[in-house]
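Peer 1: Chain residues, written in single-letter form:
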Amino acid sequence: MIAAIRVFGYSLFAIFIGLLFMGIGRKIIARIQLRLGPPFYQAFLDVGKLFARKSITHNFVMDLGMIMSLAGLLSTMLFVPVAGHMAIKTSSNLILIIYLMAIGHLGMAMAAAASGNPNATIGVSRALTMMLGYEIPFFTVMLGLIIFNGTSSLELIAQSQAGGILNWNMVKFPLGFLAAEIALQAIMGEKPFDAMVAPAEIASGPMVELGGKYLGLAFLTHAVSIFVETGIMVNLFMGGASNVFTFVLKQFEIYLITILIEAVFPRFRIEQAVKFLWTVPMSIAVVQLAIILL
Amino acid sequence: MVEILLVPLITAFISDIFIKNKRLVWFLFLISNGYILYKLYSLYGKWDLTYILNTDYQIFGAKLSLGLSNNPLGWYFAFFSAVVTLVIAIFSIGFNTNSKGNVAPIWMLIIFANLGIFYAADWITFFMMWELMGWTSFFAITNGNTKALDGAKYYLALSLLGGSSMLIAILLLGAYTKTFIIITSAYRLIQLFNLAEGVFTTILLLFIMAFFIKSAIFPFYMWPSKVYAVGPEDYIAFMSSVMIKYGIYPMAIFIVPVIGNLQLPKIFNAGNWMQYFIGYLGALSAVVGTLLAMFQTDMKKLFAYSSVANMGYILLGFASMSIVGFEGSLFHVVNHIVLKAAIFLSLAAVVYRTGESEMHKLGGLVYKMPITFLTFLFGIIAAAGIPPLNGFGSKWMIIQALMEKKMVVLVISMVFASTGAFMYLFRALVSIFLGQLPERYKDVKEVPYTMSIPMIIMMGLMLLIGVVPGVVMKPLTIALDALGYKVDIATWTTLSSSFKNATIDLKIVFYMFAMGIVVAALMYLFGNKSETIPQHDNYTAGENPIEWGVDADKFNYSYSFYQPFKEMFDPLFERISIDRFFSSIGKNFEYISPTIQGLYKRGEGAVLLFSIGVLLFILGGWIL
Amino acid sequence: MEDLKANDKRSYIDNLIDFFRKRSIWMLHYCTGCGAVELPPSMTSRWDIERFGIVPMATPRQADVLLVTGYVSLKTLKRIIKIYEQMPEPKWVLAFGSCTVNGGIYWDSYNTITNLAEYIPVDITVSGCMPRPEAVIDALQTLMEMIQSGEGGAYKKYKENYEYYKKNQDRVLRKTAPILGSSETESIYQEKEGNYET
Amino acid sequence: MNSIVFLVVIPIIAAFLSLFLGKVNKLIAYIVTIFNLSFSIVVLVSGKIPFNVAIGGWRAPYGINFVVSDITIFFLLLINVAAVLSLTTIKEHMEYQFYAFYFILLAATNGMVLTGDIFNFYLFTELTTFAIGGLVAYKRDRLATGASLKYLILSSTASTFSLAAIGLIYKTLGTLNFADIASKISNLNKASLSLILILFISSMLVELKIFPFNIWVVKAYDASIPAVNLFLHGMVSTAGVYGAIRILLMVFSKNSIMLSQSSNIANILILLAFITVIISEIGALTEKNLIKVLAFSSMAQLGIFLFGISLGNYEALKGAFYIVISNYFAKFVMFIVAKNYSVIAGSRNYEDMKGLGRKYPGLAIAFTISALSLMGMPFFAGFWGKLSIVGNALLMDKIAIIGVIIILISSVIEGVYYLRISHTFFSDGNIQDTKLSRINCVLPIILAAVILIIGIYPNSIENIIWTMINEIQNTPEKYIQVILPLK
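Chains as they are written, first to last, in our numbering: chain A, 1 to 294; chain B, 295 to 918; chain C, 919 to 1116; chain D, 1117 to 1603.
I should point out that these hints are in silico values taken from the structure, not numbers from a laboratory. Computed from a predicted structure; not experimentally measured. Hints may contain errors.
Said to hold, decoys possible - Facing chain D, according to a computed beta carbon distance under 8 Å, are these residues of chain B, among others:
| no. | residue |
| --- | --- |
| 1 | TYR338 |
| 2 | LEU450 |
| 3 | SER458 |
| 4 | VAL812 |
Claimed, not checked - Computed far set for chain B versus chain C, every beta-carbon distance over 12 Å:
| no. | residue |
| --- | --- |
| 5 | MET295 |
| 6 | LEU303 |
| 7 | ASN315 |
| 8 | VAL377 |
| 9 | LEU443 |
| 10 | TYR448 |
| 11 | VAL493 |
| 12 | ALA523 |
| 13 | ILE827 |
| 14 | GLY836 |
| 15 | GLY892 |
| 16 | VAL908 |
Unchecked claim - Mimicking DSS-like on lysine-lysine, the simulated pairs with C-alpha atoms at most 25 Å apart in a straight line are:
| no. | chain 1 | residue 1 | chain 2 | residue 2 |
| --- | --- | --- | --- | --- |
| 17 | C | LYS1074 | B | LYS823 |
| 18 | B | LYS472 | D | LYS1514 |
| 19 | D | LYS1514 | B | LYS316 |
| 20 | D | LYS1255 | B | LYS895 |
| 21 | B | LYS441 | D | LYS1404 |
| 22 | B | LYS823 | C | LYS1075 |
| 23 | B | LYS848 | C | LYS1074 |
| 24 | B | LYS848 | C | LYS1000 |
| 25 | B | LYS314 | D | LYS1164 |
| 26 | A | LYS172 | B | LYS794 |
| 27 | A | LYS89 | B | LYS794 |
| 28 | B | LYS823 | C | LYS1077 |
| 29 | D | LYS1287 | B | LYS441 |
| 30 | D | LYS1300 | B | LYS316 |
| 31 | D | LYS1287 | B | LYS881 |
| 32 | C | LYS1075 | A | LYS191 |
| 33 | B | LYS316 | A | LYS89 |
| 34 | B | LYS860 | A | LYS191 |
| 35 | A | LYS275 | B | LYS736 |
| 36 | C | LYS1075 | A | LYS54 |
| 37 | D | LYS1300 | B | LYS895 |
| 38 | C | LYS993 | A | LYS54 |
| 39 | B | LYS895 | B | LYS881 |
| 40 | D | LYS1551 | D | LYS1470 |
Cβ atoms here follow ideal geometry from the backbone N, Cα and C, with glycine treated the same way.
Whole structure, please, built from the sequences with the hints as guidance.
Peer 2: What follows is the structure, encoded as C-alpha cells:
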C-alpha cells in the first residue's frame, strides 16, 4: 500500500515538474523571440482545459494506446533515481530504462495510428525513424560510461561522480556530454529534430486526431518524458544530486540547453536528421568511446 | 527414450495411409505431439539415458554405431520446441479444415528429425536427421503449390549445400579425431588445434557454414524471406520459431565450447578472432535483417527478416563467450520460439480470414479480430524486447555480456538492430491491424475457437516467461550445470549479469508497469467522457474523401512506410546484394545447362568430342 | 445571446474549468480570406497573443476556436462546416470582417455567401475590412470574458437548431457537388452525412 | 558345374529360334530369363563358389574359361534380375527382331560377367554393342536410327582401342587369361602398362558412360522404348561396372595394390569422373524430358562410382558398390515410374505430369525415395555410398578433395532437379483416368522398399559387399589360385 502511494506520489511529482518545465520553456522561448510569452504555469492551464473538454475517440485502441503510453513512461520514471530516491528500491539498470521507455513510444504510436489519419501514421513513421537515429549515438555515449564505471546501474554511475563538479562525467567526458546533448535534442523531439510533429506540414503528426483528454494524456506523457530524459542526463553526467531540489535544478539546466537550441533552429528533414545524428554526434561519441577504451 | 522418436515416425506412416481423412490426420498429429511433450517431460533429469545401435557398416576402419542420448541441452531445446509445437498443432486442426494439401505426415517426419537432432549422440545420427529435415521441409513448404517452388528450390539448394559442407566437416572430424561422438570429438578437436591448425579451422568453418545456413545467419540470410512468403502458414509458424533454431543447438553444444576453450591471442583485450568472426556475422545478420525487414511489403517476408535479426542476437550472445551471454542466447532461443510462433499464428489467422499477406492491402483488422490483434501486439512487444513480456530478459543478458566483454561494435549493432526492430514491428502492426478497414473485409470475423485458444495460450506463455523467467532459466541452469558450466542458480524472477549491482527483478518491473497502468487509467478516468466516432471521420483539411470516390482504406499510409529512410540505404542495397550473388550462381548453372544438353543432342560434334577426348586421355596418361 | 446565458447555478468546478478554458484558447485559423494576413503580426512579438495562452493549432481536434478570416466562397463553406463539425465541444467561432456578415465587396457574387451565421453559429464578429490585430485581440479577449461568464455557447445552438442550419447549408451546397469522382458519390454523401454530426 | 555355360548358350539358341517363333517369343523370353536367374540362384546356393570351368576341357591359361566367384555371382544376379524386371514392362506385342537382340544381349552380358579371358570379354562386349544398337533402333524412326548409329560409331571406335590393347597384352605377356595376366602384370614395365590401360579403359568408358565417351547416352535413352532403357541401365551398365571392377582392380593391379598407387591413370580417372558428374548434373538441371533427366543422372551416378573405385581405398570401393546398388534399384524405379507417367500424361515432359502424384501416390513416393537415394540422403541406400566415398576421398591428395567438393555440389544440383520433379508430381493438375498394369505399379514400390531397407539397415548388404571386396583384396588367393591352381 505504501509502495502504491509512493508510486502515485512520484508520478504526480514527475508530471508536475515536467509541466512546469514545459511552461517555463515556453516562457523562455518567448523571451528569446522578444515576446512576453505565456505565464510559467500555462502548461497546467492547458492540461486542465484539455481534461475538461469533451473528447473524441475513434476506437478502443486509441484509449488503450494513450493509457499504455503514459503508463510506460511512468514506469520508466520509477526506475530513474531522483537524487538517490526511488519509489521502490530496485536496481536502476540503464538498459532496462532504455527498453522500458520504448513502451511509451509504442503506446503513443499505436494510439496515433489507430485514429486512421495518414498524417498521424506519417508522423509515427518519422518518429520511429528518428528513434533509430538518436538511439545509436546516445547509447554509444552510455556504453562508454558503462564500460568506464564497470556497471550498468544508473544509480552507481551517479554515485561514482560524487564529490565536486570536477568529478562529474560532464567535465571528465566533455565530448560524450556534447554528443548526448545533441542526441537528447532528438530524444525530446525539439527543433531541429521535430520532423515527426511538423504542424505546418503534417498537421502535428501523431497528435493530429487527438483532442480533449487524449491530448491531455499526451501532454502528461511528454511531461514525464522530459522528467525521465533530463533525469537520466543528470544522473549520467551531472553526478545525480544530494537532494531533490538540486536534482530538479540540474534537470532544468539540461532542459534549458535544449530549449535554447530549440528556440533558434529550423527543422531538419527526417533523413537529414538521421544522417546528421549518425555522423556528427555519433562520431563525437565514438571518439569519446575510443578515449575511454584506450 | 527411443519411443519419442518412434512415435512421430509411426504417426507419419499412419497418417500417410489415412491422408484423405483430414480430421483424423490432424487429430493424430495433435495426439502424437502431446505424447512427445509428455514423454519429454518425464525424461527431465534422467541425463544418463542412452541408446546405441551397432551396425556392421565400416568407416575409417571401425564399425559405425549410431547413438541417442538424453543430453540436458538437447532436452532444453526439445522440450520448449515441443511445447510450442503442441500449441501450433492445436491451431493447425482449425487452420487446415479447408486447405488443399496436407502437410501433417511430412511435418511429423520433420518433428522426428527435430527430436533426432536434439537427441543425437554422434555426428552421423545428427547428420542423418539434419538431412532428413532438409528435404522434408522442402516438401512441407511446396505442399503441391506451384508458386512455392522458386523459394523452396532456393531453400533446398542452400540446405543441401549446408548438408554437404557438414558431411565434409563430420568426416574430416571423424578421420582426424577417430570418433563421431559429439562430446568426445569436441575435446579431441581442441587438442587437434595444436597439431593441425589448418584442418581444425577447416572443420570449424565447414560446420559453421552448415549451421549458419540452417539458421539463416548473414551470408545465407535470404532463404527465410523466400520460403516464408510461400509456405503454408501454420507450418511456417513452426519453421520460423522452431526449425530455424536447429543451427543454434549444435553451435551451443559444439562450436561454442570448442572456441571457448582455445588459447588464442585476444584482440583489443576483448576477444579472439574466432569470437569476432562469429560476432560480426551475428551483428551483420542482426543489422541487415533489421534493415531489410523495414523495407518489406509482405508481412511474412518482414517477419522472416526479423527471424534473421533474432538469430543474429543469439550469435552475438555466443560471441561474447561469457556465461551470461551464453545463457542469454539460449534463453533468447526459447523466447524467440515462443514469440515468433505467436506472431506467425496471428499472421496465419489473418491470412486464414483474408487470404492476403501484402500489408498495404490490409488494415483496420483490429475491429474484426481483436484476439488476433492482441496476440500480435503481445508478440511484437516481446519481439521488440519491451519488459513485461518475454523478449526483454534475453536481450538484456546478451547486451550485458557484450558490454562486459567490451565488444563495443557488436553491442552497438545489437542496439541498432533492436531499435530498428521497433520500426518494422510497429509498421506491421499499423499496416495490418490499425487504420481504416477496407470495404472488402467488412465481413471478416474472428477466427474460430480452435485457433484463438492457441493464440491465447501463446499470450499467456509470453507473459509468464516475461514475468517469471525462472520457468525457462531454471531448466537452463540445470542443463548448463550438467554440461559442466558453472552458473548461479537463478531465482524465479530475477536475471543477473556479472556487472556490479546488475540484477533486475522482472517481478518488480511488472508491478511498476501495472502501477503505471493504474495511474494512467486514473488520469484517463479523471478526464471528461469521450465519444466514439466513425473510423473514417478524420481531419482531412475539410475535404470529404468519400465525395471524391476515394475509399477509406486509401487513407492507410502503409506502402513504403519508411521511404525517406529507405532512400538513404538504396545506393548500398543496389550495389551489394547477397541474394543476387547466390541467385546468379543458380542462374549460371541454368545458363550452361542447355549448352551441355546440346552437346548430347547433336551427332557430328559428338564424334569430334569423342576423338578429342581420346586424344587428351592418351596424352594425359603419358604426361601426368 | 441573451437566452444562452447560464441560468443554472455555476459550481466552483465549472468556474475553474471555465478559467482553464479562458486561459488556454487554441485557435484554428482557417485562412479563407485576406484577414489571415493579420494573424502573424498578432502572434509574433509585437502583439504576442500567446501571453493570453492563445496559440495556433494545426487540426480542428485540438482547437477551441475557429477563425474564419474573411469572405467565404461556397466551396470553402463546405470545408468550414466539416471542420466545425469535427471540432470537439466546447468550440467557438470568430468571424473576421464585413465579408462574413454581409458579403462585403463580394456581396453580389454568385459564388460567395453573404452571412456566415446562417450556416454555422458565430460567437463573435470582428469589425473592419479588414480588422487590425488590435481588433482581433480585442475580440479574443471578449471571447475570454464570455467563456468565463459562461455565455459563449453558440455551439449548443448549432445542435439545437440543426435543421435550420442544415437547410441553409443544403440550399447553397447543392451547387458544389464534385464533377469528378464516382457517380455514386452524391448518394453516398447524402447517406453518410448524418455521421458527421459531433 | 560345367553347366554354367548354359547361361550363355541357351540365350544364344533362343536368339536363333526367336526368328521363327513369332508370338511365342514373349513366353520364351520369360522362360529363358527366368532360367538364367534361377540358375544363378542355384549356383549361389550350391555353395561351391568360387569355381572355374574350362570350356572344352582346355585348361587355363590356354583355353577359354568361365569363372564364378563372389563378384561374378553378384553381378550375374543383378543382370538377370534386371532382365526379368525389364521384361515385365513389355506389354505390347514385339516383333522377332526385338527378342533376337534381347537374347543376344542376355547372352552377351552374362558372358561378360562369366568369362575369364580378356579376348572373350572383348567379344562379348562387341556382342552387347551390336545388340544394343539393334534394340535402340527398334522404333525405326529418325531419332532412334540416329541414336543407334551414334552409339555404334562410338562403340566400334572404342573397340578398336580395346583390340589394340589386347594385342599389346598378348605381345608383351603372351597370354589372354585374366588370371594369368594378373599374375604376370608385375613383369610389365610402367610405360607399356600405362598404354595398355589407357587403350583398354577408353574402350570401357563408353559402356561406363564417362565423359567424353558418353555422348551417345542421352540420345539412346530418349530414342528407345522403356524396356530398352531398362536393358541399357540394368544390364549393360551393370556389366560395364563389372568390367571396370574386374579389369581395373583385379587384372591390372600389381600385387593387389590398388589402382591409384600403381599408376597415374587413377588421377585421370578421378578427373574424368568428376567432370562427368558435374557435366551431367548441369545438363540435367534444365532438362524437361524426364527420360533425358534420368539418362543424365545415370551418367552422373556412374561417374561417382568411377570416382569411388579410382581412389584406391577399400572403403571407398565399398562406397562405390553401394552407389551401384542404389543406382541399380533407384533407376529401375524411376524408369518404370517415368514410363507409367508418360503413358498417362501422353508426354515425356515432366511438367505435363502435374497431379499424377496425387492420383497415383505410390509411384510418386517410390520415385521420390529413389531420387533421395541418388542424392545420397540418409535413410536411403545411396547415403552409405556417399559417406564412404566422401570420407575416404578426404584422406587422399588434392585432386580427390576437389573431386569431393565437385561431387557434393553436383549432388546439390541433383537434389534441386529431382525434388522439383517430385514436387511437380504432387502439385495440382488435370489427369485423365488411365489403367496401369498392376505389376508396373507394385514393382517400383517394392524396389523403393528395398532402397529404404538398405538405407535403414545397412547390415543387410554390408557383409555381401565385404565378401566381394575381400576377393579383390586377395586376388591372388581368391581368384588366380582358382583358375591357375598349379602355381
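Peer 1: Just want to verify: B:GLY892 was marked as not at the interface with chain C; is every Cβ pair farther apart than 12 Å?
Peer 2: holds (57 Å)
Peer 1: Could you grab the alpha-carbon distance between D:LYS1514 and B:LYS316 and see if it respects the 25 Å cut-off?
Peer 2: violated (53 Å)
Peer 1: For the pair we were handed, C:LYS1075 and A:LYS54, check the Cα-Cα distance against 25 Å.
Peer 2: This hinted pair holds, its Cα atoms lying about 17 Å apart.
Peer 1: Check the hint pairing B:LYS441 with D:LYS1404 against an upper bound of 25 Å on the C-alpha distance.
Peer 2: holds (18 Å)
Peer 1: Given the hint that D:LYS1300 pairs with B:LYS316, test it: the Cα-Cα distance must not exceed 25 Å.
Peer 2: violated (70 Å)
Peer 1: Would you say B:LEU443 is clear of chain C, with no C-beta pair closer than or equal to 12 Å?
Peer 2: Label holds. Min Cβ-Cβ 41 Å, cutoff 12 Å.
Peer 1: Compute the least Cβ-Cβ separation between B:ASN315 and chain C, then decide whether it is above 12 Å.
Peer 2: The assertion about B:ASN315 holds, with a minimum of 49 Å to chain C.
Peer 1: Compare the distance between the alpha carbons of A:LYS89 and B:LYS794 with 25 Å, and conclude whether the hinted pair is satisfied.
Peer 2: With a Cα-Cα distance of about 16 Å, the restraint between A:LYS89 and B:LYS794 holds, given a limit of 25 Å.
Peer 1: Holds or violated: is the Cβ of B:SER458 closer than 8 Å to a Cβ in chain D?
Peer 2: holds (4 Å)
Peer 1: Do the alpha carbons of B:LYS860 and A:LYS191 lie within 25 Å of each other, as the hint requires?
Peer 2: holds (23 Å)
Peer 1: For a C-alpha distance cap of 25 Å, please report whether D:LYS1255 and B:LYS895 respect it.
Peer 2: Holds, at roughly 18 Å.
Peer 1: Below or equal to 25 Å on CA atoms is what counts here, so check C:LYS1074 against B:LYS823.
Peer 2: Holds, at about 17 Å.
Hints 1, 4, 13, 14, 19, 23, 25, 29, 30, 31, 32, 33, 35, 37, 38, counting from the list given before, are not met by this structure.
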